[in-house]
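Whenever a hint applies, use it, and build me the whole structure from the sequences.
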Amino acid sequence: MSHPQAAEPPAAPPPAADGLTPLLEGTVDCVRRETLAERVARGEPLRVKWGIDPSAPDIHLGHTVPMRLLRRWQRLGHRPVIIIGDVTARIGDPSGRSATRPQLTPAAVEANARTYLDQLFCVLEPAGVEVRRQSEWFEGFDLQQMLQLASAVTVAQLLQREDFAQRLREQRPIGLHELFYPLLQGYDSIATTADVELGGTDQLFNLLLGRELQAAAGQPPQVIVTVPLLVGLDGHRKMSKSLANAVGVQAPAAEQFGQLMSLPDEQIGPYLALVTDVAPERRRAILAGMAAGTLNPRDAKAEMARAVVTAFHGDAAARHAEAEFTQVHRAHQRPTALPVAAVLAGGPQDLRRLLVAAGLAGSLGEAARLVRQGGVRLDEVRVDDWRIPVAPSPGTVLQVGPRRFVELASADPAALAPGVERT
RNA sequence: GGGCGGGUACCGAAGUGGUCAAACGGGGCUGACUGUAGAUCAGCAGGCGUACGCCUACAGGGGUUCGAAUCCUCUCCCGCCCA
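Okay, so the first sequence: first residue is 14 according to the working numbering, each after it adds one.
Keep in mind that the hints were calculated from the coordinates and are not lab data. Beta carbons are placed, not taken as given, at the ideal position from N, Cα and C, and that holds for glycine. The hints are all genuine.
Using C-beta positions, here's what the derived DEER-type ranges look like: (1) 304 with 336: 27 to 33 Å; (2) 376 with 120: 28 to 34 Å; (3) 416 with 160: 51 to 57 Å; (4) 297 with 397: 46 to 52 Å; (5) 41 with 268: 25 to 31 Å; (6) 89 with 160: 38 to 44 Å.
Here it is in C-alpha cells:
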C-alpha cells in the first residue's frame, strides 16, 4: 500500500468557535472550513455527496465509516446524496492500489448495485436520502463531452496521485482508462451540484479534482471532508473485499463476531471510535484498562465486537453470537446449530470421501492431509487414519479443525433416521 | 517501426537442460500453546490412486533432446528507451 493510513482515532478537533464540531468530529481533513462554517451559519441545508462503487456484492465495515458521518449530517438537517458508481465500478477505483483492477461487466455491476440499495440503509435513514446512479448522466455522454471534461486537467496533474506516481516509478502498467476515474467522480459533483463531498483519506485527490471540475463548470466548488480509513482484519491494510480482510454488513452475526475477534488488539481503539457508538468516556476507560493491564484485551475486543454486531443484527443476536463464540472457542464445544450434510451411505465409508462430500475438504488429498495432521474428529474423537473405513450413524458430528462442524445424515432421504433434526 | 527487459502456483518472487509439483515471503490450512479465528512455535500444501506409480502444471502453439519452467521458433500480453 502506497500510503498506509493508521486508523488512529483522530485527535480532538480544535475548539469549535465556528460551531462545526458536530459535523466534523472524528474527521481528518476539511477543505474550505470557512466556507462550510459560513453556509452552516446561514442555516443552509447542504447537499452532501458520498459515492460508492458497486464493485463487490457487499458493503463492508470500512464503508460504514463515511456512512456514519453522513448519517450525522443527515440528522443535522443536511441532504445525503449517494452516488452509486455504476460507471466507475467498471474502471475499478485504483486509489491506494498498486495494480490495475479487473474490469467488471455491466451485468455484474448492476447486480451489485441492486444489493447495495438495501445495505445502505443498514446505516442511513431512508427519509430524504437522494440516491443517484452515474449512468443517469454518463449513459448519454458523447465524445465531445468526454473530451471537454478531459481538457480540464493535465496528465501531469493526474500523475501526481500517489498510486499512479508509484506505478509509473516502478514501471508497472497504468491503464489509460484508470486516469479517467477521478474525472468521472468529479463530474458526479457537477451533475449533482454537490455542496460537500465526504470520503476516506485515500480519496483526497479525487475529491479535490471534483472542486476543480466544478469550478471549471461555473459551480461553487464543494467542501471536502475526509474520514480515517478503517484498517482491515489483518491489522495493516485498508479494509477491502478484495484483500479478504473485510467484515460485511450483511454477514451473519456469528461470522461478524468471530471475524472481529480475530482483529489485532491495537485496532480495538480505532474500531471503537470509527464503527461503534460506544461513548468517548467508555472508549477511554477501555483503552486505559488495557494499558494498565486490568482489562483483558479479549474482553475489550468482545465488547467492541458486540457493539458492532448489535448495530446490524440487534442486541439479542449479538449476545447469542458472543455466547456461541465463547462456547466454541473457549470451551471448545460444538455450536448449538450445525449444518447438516446428507452424505452417509449406510455402510462403512472412506473418511476422505465423507469429508469431501460434506464440504470440509476440497479434494481427497486435502482430506487425507487433514486426517494425518490430526484435524479431523467424529463426535469429538480424533480420527487419525483414513484408511480404516468409518460407519458413523446419522447425527454424528464431523469436525475439521477448531471451528468447522457438520452433522452427518443419510444420503438416502427415505432412510432418514427419525429424530434427526434438519435445519 | 527499432532496441532492451519481462510473463512461474492464490499473490509476490527464485529457478535458466535431469536431483522441479518447482526455493523463499505473504495469504491459506492443521497441530501445540493460549487471552480469541489474535500473538508465538511446529508442520502441511496440484489431481488421482490406501506404499511403489500415473496424470496435469511454469503465457499459448510448434520444435530440439533419452530428458525442457529452463534451449530454438512462431504467436499473444506487459514495461522501459528511441522514432
